[in-house]
Amino acid sequence: QSVLTQPPSVSGAPGQRVTISCTGSSSNIGTGRDVHWYQHLPGTAPKLLIYANTNRPSGVPDRFSGSNSGTSASLAITGLQAEDEADYFCQSYDLNLGVIFGGGTKVTVL
Amino acid sequence: QVQLQESGPRLVKPSQTLSLTCTVSGGSIGTDGYYWSWIRLLPGQGLEWIGYIYYSGSTSYNPALKSRVVIATDTSKRQFSLNLRSVTVADTAIYYCARSRNYDSERDHWGQGTLVTVSS
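Same order as they appear, the protein sequences are chains A and B. Note that my numbering has the first sequence beginning at 618, numbered continuously upward. Note that my numbering has the second sequence beginning at 371, numbered continuously upward.
Bound conformation, chain B alone (with noise of 0.2 Å):
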């Protein structure tokens, strides 16, 4: 069975980089062919994808984020990870990294999710 797990820092200062980790077990991120995504909930909002790396290590990113996200991925460490550079108040969410098939299809699979605050 498929788990994920988020890791960070959970309070980010505006204006510098929020960076995030997620960590897979039960599976590979570098062979199995899936997709893995970051998606967030905003406050009182619905979610926002924000990109997704496909197990090649090709990316797509949310036309709204793209000049500010970076995914990558380590698959020594089975991790994949998130930069968000150049942080707002309004990048203030839960964080959630997801799996999936393919690039539309369903993530079928989700981290529980971290808070990260951007406060100075």
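The following block holds chain A by itself, in its conformation from the complex (with noise of 0.2 Å):
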């Protein structure tokens, strides 16, 4: 059981938007913590996409967009590409239990 919450899966048709959550609690995201997101592709290394809640590494597509609001963070891929098809993680950290991971969204491209 993560202690950030993620759908397990999300999907859209090439060319929509989707959006995916992370929510956490008054110990993590809540006390202002910053959240990151990365990207995951079976026998890759995971890959960073965003960075302290809204920016990007460079060579990042500005399709990918970040967000966070109270106890909870979003990930929003506009005009969604076959290649978007991944695994997706957020990460932040918790008073308590120091660096925590989402269990991971599945973005499929119909």
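Warning: the hint list may mix true and false statements.
[To be verified] Quick list of in silico lysine-lysine cross-link-like pairs, DSBU-like style, CA-CA up to 35 Å:
(1) A:K664 <-> B:K436
(2) B:K447 <-> B:K436
(3) A:K723 <-> B:K383
(4) A:K664 <-> B:K447
(5) A:K664 <-> B:K383
Source of the hints: derived by calculation from the structure; they are not laboratory data.
Both chains are sitting in their own frames, so use the hints and assemble them into the complex.
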């Protein structure tokens, strides 16, 4: 059971917009701790997608965007493409548990 | 460009110690002020942070694993290691090493990961 809750899966047609939620609590995201997002394809290293809630590393398309409010954060993918089919994980920090991750969300492009 | 690579046995017997090494190229682990982490991907579950070591040698571990984990560095070899003792089948996972600038910040560089299976 992951400390951060993500939906197991989301799907969308090419070109559509999908969002992935990451729900925490008052001991992690709710304290103002940053949320980071990773994209993961099987057999590869997780790739940093969003850091510090809203920032994209160099090379990450602006189709990916992050936001947060209260005890939750969200990752949005606009103009969904076939290459976006992957697992996505959120990460934050908890006062009692240390570094924490979400359970992951599988994005399927229909 | 910093690169990380995990190495170690892929099969460990129950009750034994899982030992992995992460070799860092393109940077120093003893002077650059980074945190070096071990993280694992459990089958059918999410990522789980195991612990980290700071370049100064201080460590922090996941409370759920703390009693079984030791992370250490060998700066001369540009390596840091993971020892997880008394393993069970529940420790079967893909193990990753990763780097971050702060203890709570993003992991900006990751190794490719290595699958470790616990089985008799």
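Hints versus structure:
no., hint, in the structure
1, A:K664 <-> B:K436, "holds, 27 Å"
2, B:K447 <-> B:K436, "holds, 25 Å"
3, A:K723 <-> B:K383, "holds, 32 Å"
4, A:K664 <-> B:K447, "holds, 26 Å"
5, A:K664 <-> B:K383, "holds, 31 Å"
Every hint, counting from the list given before, is met by this structure.
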